[in-house]
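Asker: Sequence:
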Amino acid sequence: MVKIVLKNLDEKKLGNVAERLSECVKGNEIFLLIGDLGAGKTTFVKHFVASIDKSLKDEVNSPTFTIMNIYETESFNIYHIDLYRVKKFDLTDFLGNGVIFIEWPKEDEFTDIDYPLIKISFKIGDNLDKRNLEIDILNGEYITNCLKEER
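Quick note, the sequence shown lines up with residues 520 to 670 if you use our numbering.
Bear in mind the hints are in silico, worked out from the structure with no lab data behind them.
Among the clues, some could well be false.
[To be verified] Under the rule of at most 25 Å between Cα atoms (straight-line distance), these lysine to any residue pairs were calculated in the SDA-like manner:
| id | residue 1 | residue 2 |
| --- | --- | --- |
| 1 | Lys607 | Thr583 |
| 2 | Lys526 | Asn651 |
| 3 | Lys545 | Ile632 |
| 4 | Lys638 | Glu628 |
| 5 | Lys625 | Phe613 |
| 6 | Lys638 | Leu575 |
| 7 | Lys638 | Leu666 |
| 8 | Lys649 | Asp529 |
| 9 | Lys522 | Lys638 |
[Stated by the list, open to error] Label pairs and their calculated CB-CB ranges:
| id | residue 1 | residue 2 | range |
| --- | --- | --- | --- |
| 10 | Ile632 | Asp555 | 21 to 27 Å |
| 11 | Lys532 | Ser581 | 18 to 24 Å |
| 12 | Thr630 | Lys532 | 28 to 34 Å |
| 13 | Thr592 | Asp633 | 30 to 36 Å |
| 14 | Asp648 | Ser581 | 16 to 22 Å |
A virtual CB, placed ideally from N, CA and C, is assigned to each residue, including glycine.
Can you build the whole structure from these sequences, using the hints too?
Answerer: If you want it as structure tokens, here you go:
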């Protein structure tokens, strides 16, 4: 496991992190998004999606009420799922068929998964406009290698 800690990111820098991660994915990854309401989870997904397909930037919103939003890009589908009010959700049809972002995951349900797994914890930084991120790359060595490369 590789841990990356980033502190006091404004929205622009948060967007830069999302964009950099989008450059490293192949289209079969699972991102577990951990954090309180308003911590930046959906904002992160918005920047990630926009970096893949700029035309979708204004389409990205929280899946709180829809449970799942799907963003179709030329490269792969992006699934944005909110499990806060969901007791059970079967990911079988989506695994390996796109990038999956899960808000409010039950982390213990993902311990034996064979897909690249990235956990991102969001916390409010030194003020309400800043975010601290802890990115744990649990499975996906190619993502770690990509992030180490110079751009």
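Asker: A separate judgement is required for each hint: does it hold in the structure or not?
Answerer: Hints and how they fare:
Of the pairs offered as hints, the one joining Lys607 and Thr583 holds, with about 15 Å between alpha carbons and a cut-off of 25 Å not exceeded. A C-alpha spacing of about 4 Å is found between Lys526 and Asn651, which places the hinted pair at or below 25 Å, so the restraint holds. Between Lys545 and Ile632, the direct Cα distance comes to roughly 17 Å. Compliance with the 25 Å bound is thereby established for this hinted pair. For the suggested pair Lys638 and Glu628, the alpha carbons sit about 13 Å apart, so the restraint of at most 25 Å is met.
The hinted pair formed by Lys625 and Phe613 meets the criterion: a straight-line CA distance of about 17 Å does not exceed 25 Å. About 24 Å separates the Cα atoms of Lys638 and Leu575, which keeps this hinted pair within 25 Å; it holds. Between the alpha carbons of Lys638 and Leu666 the distance comes to roughly 15 Å, so the proposed pair stays at or under 25 Å and holds. Only pairs whose Cα atoms come within 25 Å are accepted, and Lys649 paired with Asp529 is accepted, the gap being roughly 5 Å.
Note on Lys522 and Lys638: the hinted pairing holds, with a Cα-Cα distance of about 9 Å set against a maximum of 25 Å. Between Ile632 and Asp555, the C-beta spacing of about 25 Å keeps the proposed range 21 to 27 Å intact. Separated by about 21 Å at the C-beta atoms, Lys532 and Ser581 satisfy the suggested range of 18 to 24 Å. Thr630 and Lys532 have their C-beta atoms about 31 Å apart, which keeps the hinted 28 to 34 Å range intact.
Evaluation of the 30 to 36 Å hint for Thr592 and Asp633 yields a failure: the beta carbon distance comes to about 24 Å. Range check, Asp648 to Ser581: about 19 Å between beta-carbon atoms, so the 16 to 22 Å window is met.
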